[in-house]
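Peer 1: Sequences listed follow chains A and B, in order.
Following the numbering used here, the numbering of the first sequence begins with 197 at its first residue and continues without gaps.
Following the numbering used here, the numbering of the second sequence begins with 197 at its first residue and continues without gaps.
For the record, the hints were derived by calculation from the structure and aren't laboratory data.
Be a bit skeptical, because a hint or two may be false.
Identical chains share a label here; the pair holds if one copy fits it or two copies do between them.
For lysine to any residue, the following SDA-like pairs were computed, each having C-alpha atoms within a straight-line distance of at most 25 Å [what the hints assert, rightly or not]: (1) Lys223 with Gly249; (2) Lys311 with Val230; (3) Lys245 with Met197; (4) Lys267 with Val321; (5) Lys267 with Ala293; (6) Lys311 with Leu256; (7) Lys205 with Asp224; (8) Lys223 with Glu211; (9) Lys223 with Met308; (10) Lys205 with Arg218; (11) Lys311 with Met197; (12) Lys311 with Asp292; (13) Lys234 with Ile319; (14) Lys267 with Asp292; (15) Lys245 with Ile219; (16) Lys245 with Lys267; (17) Lys267 with Glu239; (18) Lys311 with Val226; (19) Lys205 with Gly222; (20) Lys280 with Glu239; (21) Lys267 with Arg322; (22) Lys223 with Gln304; (23) Lys267 with Asp224.
Number of protein chains: 2
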Amino acid sequence: MVAIDIVRKDDGSCEVYAGGGRIPSGKDAVEWAVEAEKRGAGEILLTSKDADGVGQGYDLAITRQIADAVKIPVVASGGAGSLKDFSDAVFEGHADAMLAASLFHFRQLEIMQVKEYLHGMGIPVRLN
Amino acid sequence: MVAIDIVRKDDGSCEVYAGGGRIPSGKDAVEWAVEAEKRGAGEILLTSKDADGVGQGYDLAITRQIADAVKIPVVASGGAGSLKDFSDAVFEGHADAMLAASLFHFRQLEIMQVKEYLHGMGIPVRLN
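I would like the entire structure built from these sequences, with the hints used as guidance.
Peer 2: Structure below.
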């Protein structure tokens with residue numbers, strides 16, 4: 197699994213950050229995702245540093261751009277704060293899976309609640 | 197997928213950090229992983245904040261403790277810097293998958309090189 201940490205730039209494009217998300221790499225997120233797939237990545241974990249921990253939703257635009265540009269699974273990460281954020285990641289962001297942490301920590305949502313919601317929206321999830 | 201960001205404490209235990217890895221939660225990493233599984237997590241992404249971006253290897257001890265404590269897949273994250281780090285994560289850390297970013301960015305290793313190495317060690321990988 198290749199982690200891609202991104203920060204949105206003023207021009208609207210997304211730059212990849214290296215070194216655990218600390219060092220701007222100068223690389224464009226979409227180009228880097230395509231290159232990672234070409235080099236043999238099995239899966240991409242795409243984390244928006246801007247959205248991470250904020251709880252206002254995944255960065256759907258870059259998730260969709262990358263998910264549409266590669267064939268390997270893309271896991272959306274950073275920003276989940278509500279049930280709708282998870283289904284948006286699938287329907288609008290075209291993500292294959294979603295990562296979350298904060299909202300489970302602070303018990304804003306229960307994991308099973310998210311799974312049952314997604315199941316109800318017709319999204320395949322493992323319920324047990 | 198539930199992300200668990202951890203920091204090793206002076207007493208040797210690992211504390212979970214919330215809010216994108218910024219806020220100490222007071223929770224023990226192993227206990228939290230077990231609770232996440234109980235609550236329905238499908239997979240755990242375990243990131244050592246200490247090891248992340250350093251390239252000196254995954255935190256094998258906590259990876260193993262958690263992988264042995266839960267039945268769901270555990271993805272090791274933070275610290276991969278050499279081929280051996282990947283196989284150590286499997287053999288010593290009992291991880292089901294490994295995440296990396298920095299070393300691919302800086303081209304210290306190629307993704308296919310890691311996969312072929314793991315394959316040669318008898319670890320199942322998808323080679324195409």
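Peer 1: Next, verify each hint and record whether it holds.
Peer 2: Cross-check of the supplied hints:
1. Lys223 with Gly249: both (23 Å within a copy, 17 Å between copies)
2. Lys311 with Val230: Intra 30 Å, inter 18 Å, cutoff 25 Å: inter-copy only.
3. Lys245 with Met197: both (18 Å within a copy, 18 Å between copies)
4. Lys267 with Val321: Both, since 20 Å and 17 Å are each at most 25 Å.
5. Lys267 with Ala293: Both, since 14 Å and 19 Å are each at most 25 Å.
6. Lys311 with Leu256: Within one copy only: 19 Å inside, 30 Å across.
7. Lys205 with Asp224: Answer is within: at 10 Å inside a copy they meet the 25 Å cutoff, but 36 Å across does not.
8. Lys223 with Glu211: For lysine 223 and glutamate 211, the Cα distance is within 25 Å only inside one copy (6 Å; across copies 33 Å).
9. Lys223 with Met308: Between copies, since 21 Å is at most 25 Å while 37 Å is not.
10. Lys205 with Arg218: both (15 Å within a copy, 22 Å between copies)
11. Lys311 with Met197: Both ways: lysine 311 and methionine 197 sit 23 Å apart in one copy and 11 Å across, limit 25 Å.
12. Lys311 with Asp292: So lysine 311 and aspartate 292 pass the 25 Å test inside a copy (14 Å) and across (22 Å) alike.
13. Lys234 with Ile319: between (28 Å within a copy, 22 Å between copies)
14. Lys267 with Asp292: Both ways: lysine 267 and aspartate 292 sit 11 Å apart in one copy and 22 Å across, limit 25 Å.
15. Lys245 with Ile219: For lysine 245 and isoleucine 219, the Cα distance is within 25 Å both inside one copy (12 Å) and across copies (15 Å).
16. Lys245 with Lys267: within (23 Å within a copy, 30 Å between copies)
17. Lys267 with Glu239: both (9 Å within a copy, 21 Å between copies)
18. Lys311 with Val226: between (29 Å within a copy, 23 Å between copies)
19. Lys205 with Gly222: Classified as within; 11 Å inside a copy, 34 Å across copies.
20. Lys280 with Glu239: Result: close both inside a copy and across copies, 24 Å intra and 21 Å inter.
21. Lys267 with Arg322: For lysine 267 and arginine 322, the Cα distance is within 25 Å both inside one copy (22 Å) and across copies (14 Å).
22. Lys223 with Gln304: between (35 Å within a copy, 17 Å between copies)
23. Lys267 with Asp224: within (18 Å within a copy, 37 Å between copies)
Violated hints for the displayed structure: none, as all numbered hints are satisfied.
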